[in-house]
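Input sequences plus hints: build the corresponding full structure.
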Amino acid sequence: MVDKYLLPHRGEIIKVTQETGSNLNIKTFRIRLLDEEVRKKFKFLPGQFVELTVFGLGEAPFGFASSPTEEDYFDISIKETGLVTEAIHNMREGDQIGVRGPYGNNFPFEEVKGKNLVFLAGGIGLAPLRSLINYVLDDKNRDQYGRVQMLLAFRSPEDMLYKYDFSSWENSPNTMVKYTIDEECEGWVHCVGYPHELLNEELDLNQPDTVYFTCGPPIMIRFITEELKNSGIHPADIITTLEMKMSCGLGKCGRCNIGRYYVCKDGPVFDLKQLEQMPAEF
Amino acid sequence: MLKVIGKNELGKLLEKLNDKFRIIAPVIRQYGKKERVEYHQVEDFDEIFLDRQPDTPPKKFFLPQNERLGEEKSGEQVFETGDRKTLIFGVRSCDLKAIDILKPVFLDNDFTDTYFEKRLENTVMFGLGCSKRQENCFCDSLGIDPLDAENIPVYMYDDGERLWFDVRAGELEEFFADLPDGNSEELERLKKDWQSGFEDTKIGIEVPIPFPELVAFNAPFWKEVAANCLGCGVCTYYCPTCFCFGFFWEKREEEIDKWRTWDSCMFPLFTKHGSGHNPRETQDQRTRQRIMHKFSYHPHNFEGVPACSACGRCISQCPVNIDLRVILKTAEKHLKDEEGVKSGG
Amino acid sequence: MESKYSEISKNIQEEAKKLLSQGKVERIIGFGRGVFTGEITPIFVTEPERAEELLFTPECDMMLAKYLLDYKGSKTGIVAKPCDTRAITVYLAEELIKREDIFIIGINDCEGLEENDACEECGVRNPVVVDLEIGQPREEEIEVEIADELEDMSPEERFEYFQKEFSRCIRCYACREACFVCACDECFVDSNQPQWVGSSIGKRDNFTFHLMRAMHMAGRCINCGACEIACPEGINMRALTKHLYRAARDVFQFEPGLNPEEKTLFATYRLDDSEQGFLD
Amino acid sequence: MTAKEDFEPKILAFLCNWCSYAAADLAGSSRMQYPPQIRVIRVPCSGRIDPFLLIRAFNSGADGILVSGCHPGDCHYLDGNYYARRRFLMLKELMQYAGIAEERVNFTWCSASEGKRFAAIVERVVNRIKEVGPWEGFDGRGFARREEEMASGE
Numbered sequence: 091m092v093d094k095y096l097l098p099h100r101g102e103i104i105k106v107t108q109e110t111g112s113n114l115n116i117k118t119f120r121i122r123l124l125d126e127e128v129r130k131k132f133k134f135l136p137g138q139f140v141e142l143t144v145f146g147l148g149e150a151p152f153g154f155a156s157s158p159t160e161e162d163y164f165d166i167s168i169k170e171t172g173l174v175t176e177a178i179h180n181m182r183e184g185d186q187i188g189v190r191g192p193y194g195n196n197f198p199f200e201e202v203k204g205k206n207l208v209f210l211a212g213g214i215g216l217a218p219l220r221s222l223i224n225y226v227l228d229d230k231n232r233d234q235y236g237r238v239q240m241l242l243a244f245r246s247p248e249d250m251l252y253k254y255d256f257s258s259w260e261n262s263p264n265t266m267v268k269y270t271i272d273e274e275c276e277g278w279v280h281c282v283g284y285p286h287e288l289l290n291e292e293l294d295l296n297q298p299d300t301v302y303f304t305c306g307p308p309i310m311i312r313f314i315t316e317e318l319k320n321s322g323i324h325p326a327d328i329i330t331t332l333e334m335k336m337s338c339g340l341g342k343c344g345r346c347n348i349g350r351y352y353v354c355k356d357g358p359v360f361d362l363k364q365l366e367q368m369p370a371e372f
Numbered sequence: 016m017l018k019v020i021g022k023n024e025l026g027k028l029l030e031k032l033n034d035k036f037r038i039i040a041p042v043i044r045q046y047g048k049k050e051r052v053e054y055h056q057v058e059d060f061d062e063i064f065l066d067r068q069p070d071t072p073p074k075k076f077f078l079p080q081n082e083r084l085g086e087e088k089s090g091e092q093v094f095e096t097g098d099r100k101t102l103i104f105g106v107r108s109c110d111l112k113a114i115d116i117l118k119p120v121f122l123d124n125d126f127t128d129t130y131f132e133k134r135l136e137n138t139v140m141f142g143l144g145c146s147k148r149q150e151n152c153f154c155d156s157l158g159i160d161p162l163d164a165e166n167i168p169v170y171m172y173d174d175g176e177r178l179w180f181d182v183r184a185g186e187l188e189e190f191f192a193d194l195p196d197g198n199s200e201e202l203e204r205l206k207k208d209w210q211s212g213f214e215d216t217k218i219g220i221e222v223p224i225p226f227p228e229l230v231a232f233n234a235p236f237w238k239e240v241a242a243n244c245l246g247c248g249v250c251t252y253y254c255p256t257c258f259c260f261g262f263f264w265e266k267r268e269e270e271i272d273k274w275r276t277w278d279s280c281m282f283p284l285f286t287k288h289g290s291g292h293n294p295r296e297t298q299d300q301r302t303r304q305r306i307m308h309k310f311s312y313h314p315h316n317f318e319g320v321p322a323c324s325a326c327g328r329c330i331s332q333c334p335v336n337i338d339l340r341v342i343l344k345t346a347e348k349h350l351k352d353e354e355g356v357k358s359g360g
Numbered sequence: 005m006e007s008k009y010s011e012i013s014k015n016i017q018e019e020a021k022k023l024l025s026q027g028k029v030e031r032i033i034g035f036g037r038g039v040f041t042g043e044i045t046p047i048f049v050t051e052p053e054r055a056e057e058l059l060f061t062p063e064c065d066m067m068l069a070k071y072l073l074d075y076k077g078s079k080t081g082i083v084a085k086p087c088d089t090r091a092i093t094v095y096l097a098e099e100l101i102k103r104e105d106i107f108i109i110g111i112n113d114c115e116g117l118e119e120n121d122a123c124e125e126c127g128v129r130n131p132v133v134v135d136l137e138i139g140q141p142r143e144e145e146i147e148v149e150i151a152d153e154l155e156d157m158s159p160e161e162r163f164e165y166f167q168k169e170f171s172r173c174i175r176c177y178a179c180r181e182a183c184f185v186c187a188c189d190e191c192f193v194d195s196n197q198p199q200w201v202g203s204s205i206g207k208r209d210n211f212t213f214h215l216m217r218a219m220h221m222a223g224r225c226i227n228c229g230a231c232e233i234a235c236p237e238g239i240n241m242r243a244l245t246k247h248l249y250r251a252a253r254d255v256f257q258f259e260p261g262l263n264p265e266e267k268t269l270f271a272t273y274r275l276d277d278s279e280q281g282f283l284d
Numbered sequence: 023m024t025a026k027e028d029f030e031p032k033i034l035a036f037l038c039n040w041c042s043y044a045a046a047d048l049a050g051s052s053r054m055q056y057p058p059q060i061r062v063i064r065v066p067c068s069g070r071i072d073p074f075l076l077i078r079a080f081n082s083g084a085d086g087i088l089v090s091g092c093h094p095g096d097c098h099y100l101d102g103n104y105y106a107r108r109r110f111l112m113l114k115e116l117m118q119y120a121g122i123a124e125e126r127v128n129f130t131w132c133s134a135s136e137g138k139r140f141a142a143i144v145e146r147v148v149n150r151i152k153e154v155g156p157w158e159g160f161d162g163r164g165f166a167r168r169e170e171e172m173a174s175g176e
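Chains as they are written, first to last, in the numbering used here: chain A, 91 to 372; chain B, 16 to 360; chain C, 5 to 284; chain D, 23 to 176.
One thing to keep in mind: the hints can contain errors.
In the DSBU-like style, the derived pairs of lysine-lysine whose C-alpha atoms are separated by at most 30 Å in a straight line are [to be verified]:
#, chain 1, residue 1, chain 2, residue 2
1, B, Lys-351, A, Lys-363
2, B, Lys-238, C, Lys-207
3, A, Lys-133, B, Lys-88
4, B, Lys-238, C, Lys-168
5, A, Lys-94, B, Lys-344
6, B, Lys-238, B, Lys-88
7, C, Lys-79, C, Lys-22
8, B, Lys-27, B, Lys-147
9, C, Lys-102, B, Lys-238
10, B, Lys-48, B, Lys-118
11, B, Lys-118, B, Lys-287
12, B, Lys-88, A, Lys-130
13, D, Lys-152, B, Lys-266
14, D, Lys-152, D, Lys-138
15, B, Lys-22, A, Lys-363
16, B, Lys-100, B, Lys-22
17, C, Lys-28, C, Lys-102
18, A, Lys-253, A, Lys-105
19, B, Lys-49, C, Lys-207
20, B, Lys-49, C, Lys-79
21, C, Lys-207, B, Lys-100
22, C, Lys-168, D, Lys-32
No lab work stands behind these hints: they were computed from the structure.
Shown next, in the form of structure tokens:
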């Protein structure tokens, strides 16, 4: 955290990747902080988020989509939904953007060393997980983790993100990647159906010492966590990140307050055990 | 040191203080038919009105409703604290407590709110004891002493004719040195009198604080207590402890100012996502959030201290006269029953 | 006086008890008194035993009609002042509620409320729509004038006056919430695409907010005064809506809330409508 | 007075697609001269114009507005302008009562063939607004100026 209380640092967009387009408009922005000092001090962890500012218009929170092992810049994937996201989508390489953060807690990547990992992602929910996936699969870190399984769900083949990462994920040692889409379509050779229906079939849920990371639309998270629990997995081993309207990022402004937690400060990463003890307001 | 002066001599004392401080005090303002007591900067000290609790809390001097944070592109922060220190005169125990409640929120170790911090450093408050219960207050039921407060340089008492000054800060003694000494035994007798007035009217709130989170959250009474809530933000904007905020931006020429402005959990927009989903869709959910935050979530995080100083303004100002005391009593009944069930089986 | 109101209250209680125990309504929206405050507060009575809590006094200055919107589709009784029945009439005209869903216990011969200045400008002293009347209706018409206390001011003076009034606004939206007209699913204030008005309390946004609010009230506002009473800051925002009420009455011979069959001002037109002030 | 006449007002003109916009077009293609200070917003019908848009124009710094639709009876959508007429009259009442100079709020009708009339109307509106001078905003502080005392507790 580089402190510049409530005001952003300036960053530059150095690369824009159009991820999807036909149904949902998702782009990935590679951002580099302008000031060298700030850039050096800016250290984030998988699962954390950042507030991006469109100057004069507004700001919005986004999870990091790249691994901290890639230094000097970070990636943010953004779906076009509202005022701020629309304005960011109109930005090009070389445009400036405000950056505030990093904020929030992180995925327990230290604690899960030595364990097997399962990643269950739906749509743009893959973005925050990509940060952790790339961290875990990085050559420097790969041997510190056990088997990695992934089930990546998308609405349709056109809605797939990070296609350029897939081959390196698939080729990583002791790693299995499965893809699924909602409905059968021509030329598709992978699974079809909602991820929670495929869990038992497609993944090996019986291996011991496994931690599950899931992120996606709220409804998907709900079904998946239910399914996992039914399969006898301990709630503390199911980890997700919450989506709440976050604004200040410091646990003060009150928007993201659920129970005693402020999602922006105490979260956004929670395990199911914690979620079960929270008022159901997300 | 204990000093006492006739109320008509207050002007002289404030003249002296005025050199060093920007003096804010409660004054009467008439708006149409509405007579209000508000904190304002005073030049004419005869205007000062201490006979009842001001309608607005002094929160705005620490967290202004609109506060410019700075220029966004350059990232330059702006602090508008003025040349002199601010002296807020005649702040009652509830409002003093309220500022104490805000402190750990804004001065936490992770993210110290520099704006709040600077305003706090730049402000001195003179406390004022309540010689009688105010319109809808119940501070004594939440363990706040209406006749004293901690960490206050000067605490005052008003016996109708005279003002007593309990001066506790050495650096302010110079202003009081020439004033006549007060008889502490006499003051004790007066305080005892006033105290007994409070005891006679104490409502006593025996609700467990913090409320047990899930039990209270899932309790059935929220719909009932919020049935007549209109959904305006009066209770939160008049609350001395409510601190939720939002941002807005102002363009001027090439520069862009970032501002902070109060926001309220009572408004539907507060939690509405960009996607249209709103985790707190209905007014009873939002009322629940307001009360739960004050009496469950906040005390869970901050050593059991509720985010309420029982000043009663949310009750007095509510357009439909919703009564926080009734809500607390309802919660008390329910949460006690619940505990009875749990422990007694 | 005292006895008149206790009589009314007694009548309301008796009728409410009957309606509830006969199952004719599921609940009755009425006025009660706060336990600690002793002040009037809206209450919702569902059991006949609690009918005694209902009362009516000259302090009952909240508009209860708005609560009807919370109970669409279930039979609800309401203790209604004549102004409440006008509000209900507007709702009926705009098809926001169904006539068969509500049971109106109307109070006849309303003498106005203590705190509400608007009552002095109100000529409607008996309910406009009613199912059950409390008290005897007032027979003779009453002459009232909707005063314009800013009449003598120049436009510049009025501008300054409103600037000053609105500069005190803290945007708590009590005026909006207390107003029965404000029944939109999403208020223009809460919209961010487009953002009609900024959320700051700067003079500019405040003035804009109040102009937009007044414009939105035009042809619906019945000049009941609820906004003014609800405002904790004592802002005279009613001056604007009142002016539009007068204008609609004088220019279009339209007064809202008197006839449920009549369309609201902006939902209709006449071929010969005035074009006063248009450039020819 | 000279200062007032010197100023170049910013005027937002809301023109309906079928009549008034066509009139503006005609005025242009027939090389009629009219003052350049209007910024035209084409709308499908005068009935489409939410009065909020007009209030918002003043919030954003327009010195005045001009709204023009088809003549009553000629609306492309039959009666859009009849509905609009009531709204505009009420808006005019409101703005006038709130103390905004009536010269800033202008409504008229203009058919597709009235290019000449359109040019004349614009000229008239520009003169009217020049007469009352720049709009200083609801806060009376003008636009694009630093808003220093906007808030602070006192």
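Against the structure, the hints come out as follows:
Using a Cα cut-off of 30 Å, the hinted pair B/Lys-351 and A/Lys-363 holds, with the two alpha carbons roughly 27 Å apart. A distance of roughly 37 Å separates the Cα atoms of B/Lys-238 and C/Lys-207; the hinted pair therefore is violated under the 30 Å criterion. Proximity of A/Lys-133 to B/Lys-88 is assessed by CA-CA distance (about 22 Å); at most 30 Å being required, the pair is judged to hold. Among the hinted pairs, B/Lys-238 with C/Lys-168 is inconsistent with the structure: their alpha-carbon atoms are about 39 Å apart, more than 30 Å.
Restraint check for A/Lys-94 and B/Lys-344: the C-alpha separation of about 44 Å exceeds 30 Å, so the hint is violated. For the suggested pair B/Lys-238 and B/Lys-88, the alpha carbons sit about 46 Å apart, so the restraint of at most 30 Å is broken. Proposed proximity of C/Lys-79 and C/Lys-22 is supported: the alpha carbons are some 15 Å apart, at most 30 Å. Our distance criterion of 30 Å between C-alpha atoms is met by B/Lys-27 and B/Lys-147, whose separation comes to about 27 Å.
For the proposed pair C/Lys-102 and B/Lys-238, the alpha carbon gap of about 24 Å is at most 30 Å, so the pair holds. Only pairs whose Cα atoms come within 30 Å are accepted, and B/Lys-48 paired with B/Lys-118 is rejected, the gap being roughly 37 Å. At roughly 28 Å between alpha-carbon atoms, B/Lys-118 and B/Lys-287 fall within 30 Å of each other, so this suggested pair holds. Restraint check for B/Lys-88 and A/Lys-130: the C-alpha separation of about 20 Å stays at or below 30 Å, so the hint holds.
A C-alpha spacing of about 26 Å is found between D/Lys-152 and B/Lys-266, which places the hinted pair at or below 30 Å, so the restraint holds. Under the criterion of a C-alpha separation no larger than 30 Å, the hint pairing D/Lys-152 with D/Lys-138 is consistent with the structure, at around 21 Å. Restraint check for B/Lys-22 and A/Lys-363: not satisfied, since their Cα atoms lie roughly 61 Å apart, outside the 30 Å limit. Simply put, B/Lys-100 and B/Lys-22 have alpha-carbon atoms about 24 Å apart, close enough for the 30 Å limit, and the pair holds.
Under the criterion of a C-alpha separation no larger than 30 Å, the hint pairing C/Lys-28 with C/Lys-102 is consistent with the structure, at around 16 Å. Between the alpha carbons of A/Lys-253 and A/Lys-105 the distance comes to roughly 16 Å, so the proposed pair stays at or under 30 Å and holds. Pair hint B/Lys-49 plus C/Lys-207 holds up; C-alpha atoms about 21 Å apart against a cutoff of 30 Å. The hinted pair formed by B/Lys-49 and C/Lys-79 fails the criterion: a straight-line CA distance of about 38 Å is larger than 30 Å.
Distance check on the hinted pair: C/Lys-207 and B/Lys-100 sit about 27 Å apart at the alpha-carbon level, within 30 Å; holds. Pair hint C/Lys-168 plus D/Lys-32 holds up; C-alpha atoms about 27 Å apart against a cutoff of 30 Å.
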